[in-house]
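One letter stands for each residue in the lines below.
2 protein chains.
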Amino acid sequence: MPGIEKLPLEEALEDSPQTRSLLGVFEEDTAAISNYCTQLYQAMQRIYDAQNELSAATHLTSRLLKEYDKQRFPLGGDDEVMSSTLQQFAKVIDELSSCHAVLSTQLADAMMFPITQFKERDLKELLTLKEVFQISSDDHDTAINRYSRLSKRRDNDKVRAEAVEDVYTSRKKQHQTMMHYFCSLNTLQYKKKTALLEPLLGYMQAQVEAIVDWFISSEIGI
Amino acid sequence: MPGIEKLPLEEALEDSPQTRSLLGVFEEDTAAISNYCTQLYQAMQRIYDAQNELSAATHLTSRLLKEYDKQRFPLGGDDEVMSSTLQQFAKVIDELSSCHAVLSTQLADAMMFPITQFKERDLKELLTLKEVFQISSDDHDTAINRYSRLSKRRDNDKVRAEAVEDVYTSRKKQHQTMMHYFCSLNTLQYKKKTALLEPLLGYMQAQVEAIVDWFISSEIGI
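So the sequences go chain by chain: A and B. In case it helps, the UniProt record's numbering puts the first sequence at residues 1 to 222. In case it helps, the UniProt record's numbering puts the second sequence at residues 1 to 222.
One chain only, chain A, in its complex shape (with noise of 0.2 Å):
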């Protein structure tokens, strides 16, 4: 089993076409994770919603079970045996609803929780360092343009040392954040597997629950 590879920081500082390689890799491997886990997560959400609707659906046959005394039929309104009958299915319909609502409640908690935080929280963050490390580095680039373009001609010293301090700056923030996107991209590595595995242990949990739910709820007693 090989090791977690990473982006060494102390190379983001002199960006060489090398870093920038790695860098490239790992940023191919990041949109593989993510395309992959969205994926999952539109899986694990059509489960979800499925899973609420089976819920709300089963619940709704249980209520209209109950309702029947109420109905008015011309015609044996006062048969008991009917009415007992069915008091009877919808009873077990509604405890197999609540199981199907914990159920649901559950795969919220376990399933839908960790995937949609690494989606939303995890895999957005690293795109929006994206853009940072990117709009960083132009600004770096437009300023030692500015500064290569000064030292051909012959301008003041203000203007000379404006330019100066604006590489400086400008070099200053795209290290910085190229370190804190590499730092993002190493820390992916380390939380790709959980993002995988968490969802889908939670999903498995939750699901063997409520097997064993509906199975002393409706009494089969194997």
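Please keep in mind that the hints were generated in silico from the structure rather than gathered at the bench. No incorrect hints appear here.
Listed below are the simulated BS3-like cross-link pairs for lysine-lysine, each with C-alpha atoms no more than 25 Å apart in a straight line:
| # | chain 1 | residue 1 | chain 2 | residue 2 |
| --- | --- | --- | --- | --- |
| 1 | B | 66 | A | 193 |
| 2 | B | 70 | A | 119 |
| 3 | B | 119 | A | 70 |
| 4 | B | 130 | B | 193 |
| 5 | B | 130 | B | 172 |
Cβ pair distances, simulated, as ranges:
| # | chain 1 | residue 1 | chain 2 | residue 2 | range |
| --- | --- | --- | --- | --- | --- |
| 6 | B | 197 | A | 39 | 42 to 50 Å |
| 7 | B | 127 | A | 63 | 23 to 31 Å |
| 8 | B | 176 | A | 91 | 40 to 48 Å |
| 9 | A | 72 | B | 121 | 22 to 30 Å |
| 10 | A | 72 | B | 9 | 24 to 32 Å |
| 11 | A | 72 | B | 14 | 26 to 34 Å |
| 12 | B | 117 | A | 72 | 22 to 30 Å |
| 13 | B | 17 | A | 71 | 22 to 30 Å |
Values in this document were obtained by computation on a predicted structure and should not be read as measured data. Beta carbons are placed, not taken as given, at the ideal position from N, Cα and C, and that holds for glycine.
Model the placement of chain B on the given structure of chain A, informed by the hints.
Structure of chain B alone, referenced to chain A:
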């Protein structure tokens, strides 16, 4: 427990106000059953649709996990522990998805089929018969009207004979459609309990079998 009430077919020919009044009660009861069954049908359709969606979403999740190995992750793509763990998740979720698919099929056969048949065949037939009966009653009224206007004037024998013939055939038609309509309204009184209980039994049976299947395939082994 009261017996099942009937519209007397032998009263159809006389078509007295009492018979019409009793018909009104049966029609009201039929409308109430139809309304209640349609609500139950919609709730069951929602359960069935949600179960189908759950089955499809679970299958998709399992397929995504199986495809993990085919993803191109530039970093750490050869992590065998992660890969085999996800394959095991995929296998279990695939089994859950098969159970969901079996449940969907059973709900289609044992719940949706009987209630759809009742709604689309029995209840629709009654609406059609009501219309047919209405038309033949109107035709009969027209024929009676024409005959009564005839007798005041002095028409020739041919026209008179035609009017008599018209009254005869339209009354015969009305009598037949009324008996047919009464017969279907009576049948509904016999069918209404089965129509409610059959899809509910189908739902319960499918659900119980699914829980047992889940238990076996998830090998919890209580």
